[in-house]
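Dock chains C, W and S against chain A, hints included.
Number of protein chains: 4
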Amino acid sequence: MEKGIKIVTIGGGSSYTPELVEGFIKRYDSLPVRELWLVDIPEGEEKLNIVGNLAKRMVKKAGLPIEVHLTLDRREALKDADFVTTQFRVGLLAARAKDERIPLKYNVIGQETNGPGGLFKGLRTIPIILDIVKDLEELCPNAWLINFTNPAGMVTEAVLRHSNWKRIVGLCNVPISIQMGIAKLLEVEASRVHVDFAGLNHMVFGLNVYLDGKNITPDFLEKMTKHKSDTMKNIAAIDWEPDFIKALGAIPCGYHRYYYKQAEMLQNELEEAAEQGTRAEVVQQLEKELFELYKDEHLDIKPPQLEKRGGAYYSDAACSLIDSMYNDRRDIQPVNTINNGAIASIPDESAVEISSIITKEGPKPITIGDLPVAVRGLVQQIKSFERVAAEAAVTGNYHTALLAMTINPLLPSDKVAKQILDEMLEAHKEHLPQFFKEEVLS
Amino acid sequence: MEKGIKIVTIGGGSSYTPELVEGFIKRYDSLPVRELWLVDIPEGEEKLNIVGNLAKRMVKKAGLPIEVHLTLDRREALKDADFVTTQFRVGLLAARAKDERIPLKYNVIGQETNGPGGLFKGLRTIPIILDIVKDLEELCPNAWLINFTNPAGMVTEAVLRHSNWKRIVGLCNVPISIQMGIAKLLEVEASRVHVDFAGLNHMVFGLNVYLDGKNITPDFLEKMTKHKSDTMKNIAAIDWEPDFIKALGAIPCGYHRYYYKQAEMLQNELEEAAEQGTRAEVVQQLEKELFELYKDEHLDIKPPQLEKRGGAYYSDAACSLIDSMYNDRRDIQPVNTINNGAIASIPDESAVEISSIITKEGPKPITIGDLPVAVRGLVQQIKSFERVAAEAAVTGNYHTALLAMTINPLLPSDKVAKQILDEMLEAHKEHLPQFFKEEVLS
Amino acid sequence: MEKGIKIVTIGGGSSYTPELVEGFIKRYDSLPVRELWLVDIPEGEEKLNIVGNLAKRMVKKAGLPIEVHLTLDRREALKDADFVTTQFRVGLLAARAKDERIPLKYNVIGQETNGPGGLFKGLRTIPIILDIVKDLEELCPNAWLINFTNPAGMVTEAVLRHSNWKRIVGLCNVPISIQMGIAKLLEVEASRVHVDFAGLNHMVFGLNVYLDGKNITPDFLEKMTKHKSDTMKNIAAIDWEPDFIKALGAIPCGYHRYYYKQAEMLQNELEEAAEQGTRAEVVQQLEKELFELYKDEHLDIKPPQLEKRGGAYYSDAACSLIDSMYNDRRDIQPVNTINNGAIASIPDESAVEISSIITKEGPKPITIGDLPVAVRGLVQQIKSFERVAAEAAVTGNYHTALLAMTINPLLPSDKVAKQILDEMLEAHKEHLPQFFKEEVLS
Amino acid sequence: MEKGIKIVTIGGGSSYTPELVEGFIKRYDSLPVRELWLVDIPEGEEKLNIVGNLAKRMVKKAGLPIEVHLTLDRREALKDADFVTTQFRVGLLAARAKDERIPLKYNVIGQETNGPGGLFKGLRTIPIILDIVKDLEELCPNAWLINFTNPAGMVTEAVLRHSNWKRIVGLCNVPISIQMGIAKLLEVEASRVHVDFAGLNHMVFGLNVYLDGKNITPDFLEKMTKHKSDTMKNIAAIDWEPDFIKALGAIPCGYHRYYYKQAEMLQNELEEAAEQGTRAEVVQQLEKELFELYKDEHLDIKPPQLEKRGGAYYSDAACSLIDSMYNDRRDIQPVNTINNGAIASIPDESAVEISSIITKEGPKPITIGDLPVAVRGLVQQIKSFERVAAEAAVTGNYHTALLAMTINPLLPSDKVAKQILDEMLEAHKEHLPQFFKEEVLS
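Residue numbers (UniProt numbering), protein chains in the order written: chain A, 1 to 442; chain C, 1 to 442; chain W, 1 to 442; chain S, 1 to 442.
Hints may be right or wrong, so weigh each one.
For chains that are exact copies, the list does not tell them apart, and a pair is met inside one copy or across any two.
Stated by the list, open to error - Straight-line distance between alpha carbons at most 25 Å, and here's what the computed DSS-like set of lysine-lysine pairs gives: (1) Lys246 x Lys429; (2) Lys360 x Lys223; (3) Lys415 x Lys223; (4) Lys60 x Lys295; (5) Lys98 x Lys226; (6) Lys79 x Lys214; (7) Lys98 x Lys360; (8) Lys437 x Lys214; (9) Lys56 x Lys295; (10) Lys184 x Lys308; (11) Lys418 x Lys360; (12) Lys246 x Lys415; (13) Lys184 x Lys246; (14) Lys246 x Lys437; (15) Lys56 x Lys415; (16) Lys214 x Lys360; (17) Lys418 x Lys246; (18) Lys56 x Lys226; (19) Lys360 x Lys184; (20) Lys308 x Lys360; (21) Lys56 x Lys166; (22) Lys214 x Lys226; (23) Lys166 x Lys105.
Calculated directly from the structure, the hints in this document are not laboratory data.
With the rest of the complex left out, here is chain A (with noise of 0.2 Å):
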């Protein structure tokens, strides 16, 4: 890696982009990037120069030698890249918006990573990103791929459990959105805030929170209950029972919503849908104006208007994960990894979210012996659906499929499981080839 790093982004084109571009711009001095490949798919060949403009005009401003190259061609850009990013989304925001409405229909959540919503994400995603890893074992066998498209979870699992690449890493902005809330609450730098993630993605939990390398937890849940809520862009704020926060003695993520609050959220997501339009819908219109944004050839910065668009941290995160593998810094991050017994009572060969040591080599997960009991069973509950829905993904199998729909706990029974696969399935049927081959359809 002397001669610099070359970093390949799948999904060039998305909106997020700019993000990414200007945390390597920040972080040059430790990441001297020496080529960043663009890839996107003809589909995506307009918002790709789009923002692959922009991203060149950003790298000038900063006087900075990194090649910007835009290309539909997925191989010619993996050839000996040393970083492989993915946040590339299937069906793009028509498919969400599809993801989110059908199931309201039955009145069960509609949402991008959870319910029957991250199931179908995950059918799509699963066999493309299982695409890619064959081509980096052939192009670029020492890369490593950071994955950030969703559901980021299952994409990782089915990429440990069903190919023979392992240099994978799933990131998320859930971790470091807890643990800057919390520095906000508490009123105190960031830096002095360090918090024990461990769980899933969407599913992870902070155990402990440490002010100054004190353990500061039960006073913290304490505080956090007397504050108003203050969510992700995607998540509807609704406050926690103060009490059941005291009782569950661990801080959940903005997610953990969707299963301790789903009465709530159901009603709240069908209000929304029927007067403002679904996230999908709402980010479409957001995406629209930013990609007018960034045609304009003046500008050469990431405009702030992208903060709206959700990804908060993201560039922190991908960032300064990329950086720390590069440097072999050996410090603390919260990343989606092998288990490897780090957490009990989930299958060492699954993913899980967890605060690791982030080395050349990859994480190294941080023992945090078992969840607390509370929790375990919802965690397990959802490593399960994960872990059906991604054997559905790579073989298929509509049973598979229903089995994985069916034990989701956002769903009220087989039968409405079985009436919302058969709708989706339907409606997505362009981006599952799989499920649609004559053999494999009974």
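Below, chains C, W and S without anything else, positioned relative to chain A:
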């Protein structure tokens, strides 16, 4: 034990007692019961006398030298007992009616052993059973406690974790009912059918079905989906989705409907409660009629009307277990016992319901490796619930009880959990002294 | 199997075969063997004919319709077999003699199934058994392989880990000999004694002893220390330290002497080798005499002299296992099978020797939780040894073989391990082709 | 802790104390020690005064406001301590000499922390350390106990399992010595080398070696086999078999020689004991000389002669650990701490020696999954030994002690174990009161 066996039945005034007496009579040759002590509390004295006198008539008719003792003095009865069976109900059917009615007000399933009802039955029962095992330690340390009192899983868990008493077996008629149902469907004698049972009480799966030793599971599941469901008396027989059962690859028990068909079961309960009353209310009427029958001094057999009460195979399961223990038969029976590694993803020290070798020194589970991936999560969630609930029952801690309630998969949110908890604590106040000690309350 | 059972015995020319034939004859009513195929290799043809003709005379005398086939064509024999038993010895007793003699030169125990001898018997045997299971997959996929070939633990481990064949049971007469010894010492019928066996082949412990179902372990251990040891024919009966046995709290098997009495056993071996020859050398003479007897055309029963050979209860253990499998008896027998969680500190996928329920679909271990703390380490060390040895046998890798040799607890150092390894590799060259392929050697 | 740190060193009269004092002086900027209490027993008063006065001169020379207190009153010293270090030796070097001499009479390795010597050092030490933690609970419940007293693994195990005190870290200079040796061999600065350490105290492996973050393990092992061994002062540097090291695939520690080179090490010990005396006898002379030096009132630095004593990097390891804890550095150091799932085949509650994140709230192990198959058995055997030994130390049970002795892999038989046990119990009678209480003796 040379001189015959002493059996003590706590809650001896139960309408089920004639089942048990019939069982002992039928098995007298191999299981020579010398003393049967029926114990009850003052409030149950009248029923105890009615059913106890029937028991005496049954024994007399059989011409056997079994002494039947009726007493309100538990400690007198327990002295040197060989087997102690527990079948009491704290708060009687009136309490059960509350367990069923109150949750329904919040659109939550009201059921004796699941959801809020199961939690509160546990909260009322566990302190009493822990009192009983203290007596056992002192008065009959070599006895075995055979517990039928529901929620049998949570009760067994509580004794294993919160007492020093390890000689407990929890018993339930669900597995034997499944086995009988399979034999009926296959139109073969029950003795030709074997089932590998594993899971938790009221959350047990038939993992494999054997006919004459041959594993016929997939064929049986196919056949099962083609027949109308036939469940236990207290569970609505709503049909499973055939595709779901095939995907599951194992036989669920009737109580699984509360989880995999939550919406339909709730709907059904709401309708039944409005039309004919909850199950407790129906049973209260049934019991009244039964005790009228029992009073008849000419009755000296178990009356056939008892079958409507719902405890099919109860006598068979109980007496067969005691017989195998007494005679060290080393045959295979499904019981609730300490896991000890038999099911990988359940803690070793927890109670599980599993096919076990029955010996004079207690049951020894046959290892099953692990549950199918798809069902692990739900089973673990119920086990987490049972453990937190047992802790709440022992400590009387409000927050722990709220935690148990909220993590139960039948609850829609932390807010509703708190509402139901508060109303039920008040409603059952009389039987929950541990929650109303001044110093613990907050 | 309606038309009778087809059994194939590989290594059919063994002097033990009459044991097996006698067992089948005695059990004909419940285990109607129709065809018994005795298979051997060209070098064993003469012995095959001698013992095969005796088998035919025994069957004829019994008046049973069992066809006895003698063949050198393994694949012909295997077609549609129901049970395949393996009792072959690669390199015959001459190889065993080397396994015993060479280590003694280095002051290391020379023994057929332990230490360097056990390792080399495994290295010679495992490739052959893996060839056999390939034939089974093709020619009789529903058959069960009942393996008696030593080292039975390592062989079972190798099949479980290095082939796709799971229908294997490893069988040994050590546990049944222990049980018989206990009954003899207690002066009761063997059927009144039960023992919880757990551990590995030739490293199995009797964890608990029951008389009529009552756990009498401490009393029995006390009694055991007061009597002269009585071991199997091939193990020197050096008495245990009484205090050690009481401290151990479990019954060791005879082979444990090689570990817990290493010094005395080595001394004894050195003396015996000098005076009367090693066990193989003694047995070679015994075998010669036996085959002389077998040649007698008037002999039509198992000759009593066979008992000196050392396979006490061999017929009982083998035929009783096959009978229970064929008839789905679900009784308890100690066998070598996949652990599957039954012993906590042994890997789930490894072979263990353990009391199991015997069914038509194979053995199912009864969970024991874990071995006593004191013995776990040694058992785990032998399991590590077996696994590394199996890998060496499969790969023919010199370093792996050295690793296996060095970590064996009977070896005094890496240096001596290497010396013995080098000498034994050379001595057994003919039967270890996998180590002498040019490309693998270094 | 704002006002500076209070450190208590039990066994403060040790010749090692100047190492520790030097470490605190060097790190004063980040680790502002305000009080250093050196505690010893009456028999050690003279040495305490000599070394304590040297400590005072060293502090004075450094011009730092550290108060050095010398006392025989442990409880006075412990009040409100922040860190308590233990480096005492029950029975002094005279006892160690017996630990080394007696086993040699039976042709068994005599060593301070392995075999019979390790067992007896544990039997003498554990009751004292359990007394100390009772004082800690009362007098300084927020302190951390940093234990250097050998056998450090067994001592940490005993505290974790037989007391309520969890704030203990066991420390050893073996891992840091390995790391320094690697850097020296690679001719690079130590800071560029990382090693994944895992195992038990004095049974730790370097599983992977990294240079600048890159895993270079196989290359390093190759290189390592080409150089003369360089071990710690107290272990004979007998070279490993190169092929064994390559096959092992991990770096053993010096003490592994007692197991993998048992024959040669015993031979070497026998020769050295005859020629120059055992290590204790050599050290006794060294200590005498050191204390002569320490008496010199002009000496105000750590004398260079101390290095011969054998505690290389002792100061570094100890002060660096305390510094990281005090400052919550979250860097990686190898320590003895509770396993908590970090090494799969060691019980969760046991002490392991493992690379851990060092925080203000103690060490958190980095999960390693499991040890290589080949070494698991030996490590588990030593852990079994440690656990049985700790139990013997606490109970004073003769049988338990015999069990510990017999299962130790350095013992050749139960008979020899008993002989050595009996002789050593008698020899150390004065320091083993728990074995000589009348009622426990038998």
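Quick rundown of the hints versus the structure:
1. Lys246 x Lys429: between (45 Å within a copy, 23 Å between copies)
2. Lys360 x Lys223: Answer is between: at 23 Å across copies they meet the 25 Å cutoff, but 38 Å inside does not.
3. Lys415 x Lys223: between (43 Å within a copy, 19 Å between copies)
4. Lys60 x Lys295: within (16 Å within a copy, 70 Å between copies)
5. Lys98 x Lys226: neither (37 Å within a copy, 34 Å between copies)
6. Lys79 x Lys214: between (47 Å within a copy, 21 Å between copies)
7. Lys98 x Lys360: Answer is neither; intra-copy 40 Å and inter-copy 49 Å both fail.
8. Lys437 x Lys214: neither (57 Å within a copy, 34 Å between copies)
9. Lys56 x Lys295: within (12 Å within a copy, 73 Å between copies)
10. Lys184 x Lys308: within (19 Å within a copy, 54 Å between copies)
11. Lys418 x Lys360: Neither. Shortest intra-copy (45 Å) and inter-copy (37 Å) distances fail the 25 Å Cα cut-off.
12. Lys246 x Lys415: between (36 Å within a copy, 14 Å between copies)
13. Lys184 x Lys246: within (20 Å within a copy, 51 Å between copies)
14. Lys246 x Lys437: between (51 Å within a copy, 20 Å between copies)
15. Lys56 x Lys415: Neither: 52 Å inside a chain and 51 Å across chains, both beyond 25 Å.
16. Lys214 x Lys360: between (29 Å within a copy, 7 Å between copies)
17. Lys418 x Lys246: For Lys418 and Lys246, only the inter-copy Cα distance (13 Å) is at most 25 Å; the intra-copy one is 37 Å.
18. Lys56 x Lys226: neither (46 Å within a copy, 52 Å between copies)
19. Lys360 x Lys184: between (31 Å within a copy, 22 Å between copies)
20. Lys308 x Lys360: neither (33 Å within a copy, 38 Å between copies)
21. Lys56 x Lys166: Neither. Shortest intra-copy (32 Å) and inter-copy (56 Å) distances fail the 25 Å Cα cut-off.
22. Lys214 x Lys226: The answer is within: 21 Å in one copy meets 25 Å, while 47 Å across copies does not.
23. Lys166 x Lys105: Intra 39 Å, inter 48 Å, cutoff 25 Å: neither.
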